[in-house]
Each structure stands twice: as structure tokens, then as C-alpha cells.
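Chemist: Each chain is listed here by its residues.
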Amino acid sequence: MIRYTMYMVILLVLVGGYLFLRKVIDRRVEKITDTEVIRENEEYLGTWASKSDSGFIMFRLHRDGKLTYRLVQYPGTDTTTIHGKYVFVGAGGANDPAYFPRLYTFTENGDTLFNYYMRYLTKYDMTIDKIDKMILSPNNVFDTMGFTFFRIKQ
Amino acid sequence: MKYFLPSTRFLFLCLLFTACKSNPNKRAVNLEDLDKVTETEQQATAGPLRSILNATELIELSACTDLPCVQSFMKDRGNDFVHAKKGEFASQYRSAVTDTSGNSLVIPMSTLYVTVDAGADWRMAHTVHTKALSDQLLQEFAAAKFMLTDSVYSNKSAGFIYYYGSAQYPGLTLSQTKTFAPWRARGLYYTVTWPCYVFEVYATE
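The listed protein sequences derive, respectively, from chains A and B. With my numbering applied, the first sequence covers 1 to 154. With my numbering applied, the second sequence covers 1 to 205.
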């Protein structure tokens, strides 16, 4: 019995150690390459972009809560860049994307850039979606307007 | 101990290689390909193309006198209409309809209900939920030379029912009414707070 308990403890230590090491390395890689390494329940992080006839929007949600927002309004070619911060609030305060959270973004002055409900976010272990998608919507009413953003390689 | 250090290094290297390989990062797209991806996405999620049946379809449907006939007719139009419940077809396209209190309701833009109760008289009604769509449908019927022949006040639907006939389609009668009681206590119509425009086409001979 003691033997099996010992094996169990070893297994837990191994898995825990692996996850801890992975986290340490992830952070290190992020720091060196200036990207986000995304794991379970943090699929919202990273760079997202959307292109339409009226303009191009790209924003990056940094791990430390910072935001970089770029906007080009056609037919113009000037890029407006805004640095600010964002807040990702799930139902009941949980940050789990499964619970239909809201995404608030603010400029440095504290003005709200957008405040959207996150209707869809590709899950970490999804195999059907070939490209990660985030659908932001002004409300949570089914079948109404939504803005689709795709994950961009950083 | 002899193997401990090399194996630790190996493990560390493996971890290093897997570190960047998070699944979402693999599913990212290059910025240059964004146009292509957006286009593919729009094509893949092509939604319903229309919100109501057109006049020709309603005329064709008037030949049906039972549910299987209507079902087989509507099956070909599955992209735009869904058979929600027995005898209740609703348009897949939904949008906001403003009711009389000014509330915005997101409901199907039209429905097609047929009688399914045993022994009940046959009734098939295409109910449109906005005036613009109703006018559009009336214009289509006008193009098929449907002229106003009669109008009666109906207590049941608390409104005027307008009857139309066309020389091109002898024996067919179109009835159109604006009402808050398009179908008694069924499906979408238990509590109706928005004006409905009901179209019914029957063979009278």
C-alpha cells in the first residue's frame, strides 16, 4: 500500500514539476520573443485582427494587462496606434472563456475603447477550427451582429 | 547519477521545444493571409439569403392540403427556413422587430404555420413580421396581377381581411390581414405584441 502511495506521489511530483517547468519556460520564451505563449483558459491572449471594407483593426492583449490597438480606416492609410490596458471579466468574476466574459479595453487616459461581450473564442484543444477565432458582440442576444477577429502570428 | 544530468538536460530541451508549441499559436494566421481567411470564413458561414417566401412559392404551396406536401416543399428551402416544430416553419433569418411598446424583439422574420390537429380545417398561413416585408410580398402578388376583390372585418383577427384574385391564376384567392392574432395560441404566437401580416393563398374551386 505504501508502495503505491509512493508511486502516486512520484507521479504527482512529476506532473507538477512538468507543469511548473513549462510555465517557467513559457514565461522565459515570452520575454525573449515578445509573444504570448497561450495555454488552457487564457486563449484570449495574443494578437487579433479583423479586416473589412471599412477598415482594419488589430489589437494585442498582453499577459500583463496591457493593450496595443491599431486601426486603419479606409480609404486612408494612416495607422492609429493606441496603447492602453484591458480587463477581461468572466461571469462571477471567473476568467474562464467558457463562461461568456466581457472584454473592456481602455486608452491610457482611461477612456473606454470598446466594451464587448465575447460570444465565441476557439478553445485550446479545439481541432475543428483551423484558425483561432474570437467573436465580439455588443450584446449577448443570439443571432445578432458580431465582429470576427482572427489570431495573428506574432 | 551517470544518466541523471543528461536526462535532465534532455527533458529540459524537450520542454523548451514544446514551450512555443501551444495549440492556439499553431492556429494563428499570417497577417498577409487575413484577406483570404476572412473571405473563406464568410463563404463557410453563409447564412440564410432571404426572410420570406415569395409570391410564386405561396401560389405553388396553395396546391398542398396536408403537412407532408408542405414539408417536402420546404425541405428544398432548408437553408432559409427551419421546420421548428410539427407544422411550424420559421425563417432562419432573425432580426429585431419593434413591438407596440417600443421593445426590440429578436424573432424570425416570418413563419409558415399549417394545421396539424386531427379533424381541424386546413389552414396554411405565411406570417410576415415587418411592414416592409409585407409590402414587398404584396408587390410581388400585384406583379402577378392580383387585384383587390373584397374586404371584410374579422372579429377573430380583430382587423380587416383583404381578398385578392388574379385572372392569371383563376380559382386562387389571396387573403392578407394585419393582426395581432395570426394563429391562436401556437408556437411564436402565444403573446403577440407586434403587428403581424398574414398571407394565405387557397384554391377556392
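Keep in mind the hints are simulated off the structure, nothing from the lab. Warning: the hint list may mix true and false statements.
Only pairs whose alpha carbons sit at most 25 angstroms apart, straight line, appear in this in silico DSS-like list of lysine-lysine [said to hold, decoys possible]:
no.	chain 1	residue 1	chain 2	residue 2
1	A	K66	A	K51
2	A	K51	B	K85
3	A	K66	B	K36
4	B	K145	B	K156
5	A	K130	B	K156
Derived coverage of chain A by chain B (criterion: at least 3 residues anywhere in the stretch with Cβ under 8 angstroms from a Cβ of chain B; other residues may be distant) [said to hold, decoys possible]:
no.	region
6	66-78
7	128-138
In this text, a Cβ means the ideal position worked out from N, Cα and C, and glycines have one as well.
Chemist: Hint by hint, where does the structure go against what was stated? Just the numbers, ascending.
Modeler: Those not satisfied are hints 2, 3, 4, 5 and 6.
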